[in-house]
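Residue numbers (the working numbering), protein chains in the order written: chain P, 1 to 193; chain C, 194 to 410.
Read the hints as simulated data drawn from the structure, not as lab findings.
Glycine included, C-beta positions come from ideal geometry on N, C-alpha and C.
Some hints could be false.
To be verified - Which residues of chain C face chain P? A partial, calculated answer using Cβ under 10 Å: (1) V272; (2) D274; (3) Q275; (4) H277; (5) G280.
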Amino acid sequence: MQARLAAKDLACRRGDRLLFRGLSLECDSGAAVHVTGANGIGKSSLIRILAGLLRPFAGTVETVGGIGLVDDRLALDGSLPLGKALAFWETLDGCRDAGRAMELLDLADLLDVPVCFLSTGQRKRAALARLLNRNCPVWLLDEPLNGLDTQAQKAFEALIAQHCQGGGIAIVASHQPIALPSQRTIALAEFAA
Amino acid sequence: MIGPLLRRDLGLLLPGGRGGAGVLPLLFFLAVAMLYPFAVGPDAQLLARTGGGVIWVAALLAAILPLEKLVTADLDAGVFDQLHLRGASEELAMASRLLAHWLAFAPLLLLATLPAAALLGLSGEMLRTVLLGLLAGTPGLAAVGLIVAALTASLRGGAALAGLMVIPLAVPILIFGAGALSRPESSGLLLTAAISLGLCAIAPFAAGAAIRSAREG
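In isolation and in its complexed conformation, chain P is listed as follows (with noise of 0.2 Å):
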């Protein structure tokens, strides 16, 4: 897999605040990096702004190859049953077999259930197992451990060290310790305006 992300002095404002500013980034095939701070710090708005969601305040990202983003929001129809609502994206990111990620994240038995009845750990698996049906080099995920429980955790770990052994990249915001295939880490402190 071809990738490659590079932000250059990126600085975000939320409202009248300053969040940070002089923030440069580069990440090559393979790159894992973690991103840390407290609450609302701005690592979300990182996370969004490096996907294209939101625009910096100043700074410049390029991207190159498919992004895959994670974030506490499902973008799955509550209604429907698991398997028909992962459906929808694997259709739209010509997935081929969704059944690896539906092993790999231990969903197969929850395909049936509509997925408002699902629960915090069960829906992030559900979110993860949209991300890996993308097939996507460039992961960005926003706490992807929250809910997640002990033993889900290390299989995801798992997950991210196979997908940068792969060259894909990985950035990932969270408060939480992970074990990630490098120790790059980026204190978003440092930054802050």
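With chain P's structure known, arrange chain C on it following the hints.
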């Protein structure tokens, strides 16, 4: 890309679907046509003369009912974000939603016009003008509804505001569409169709821009 999008939107919005208002607008529309004779009395001539206008007002108000769920749920769930990452522009998503929204309420409304016209004792000639007018006007109503729903989607209490905002924007459609009832020539219907076409052309862009700006907020 448009195929799966439209299929999902239709699944959401068609009556019996998961996220739409279902047959509620239809029942509301029929209820108005049923209540009007009770309110003004059984004067057949008066009913036949004013009935067409009542059907138009009922149709306009019924078009407001589905707006609450048209955009808000998907915006909150991040569906448009995920579509954006897959290269589906907000304009495309909104064009698909516009078509699905019209299909979900207009054909049924046209069908319901038949019993409504019978309740009000409209003549065959008048029924024809009402049906043609609604056929020309409902795409415009759907377009105005979609624009307003997208604009108010990120606001608290947006649904109530959406209802209020649609009414002034829909006035031109009402004037020409219902106005065609009292004039024999077809210029009113043609103007209604022209307004509808114009609104449908700008709606995906206006609503798409609204979705993008809601993201920044």
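Going down the list of hints, with the structure as the test:
no.: 1; hint: V272; in the structure: holds, 5 Å
no.: 2; hint: D274; in the structure: holds, 6 Å
no.: 3; hint: Q275; in the structure: holds, 4 Å
no.: 4; hint: H277; in the structure: holds, 6 Å
no.: 5; hint: G280; in the structure: holds, 9 Å
Checked against the numbered hints listed earlier, the structure breaks none of them; every hint is satisfied.
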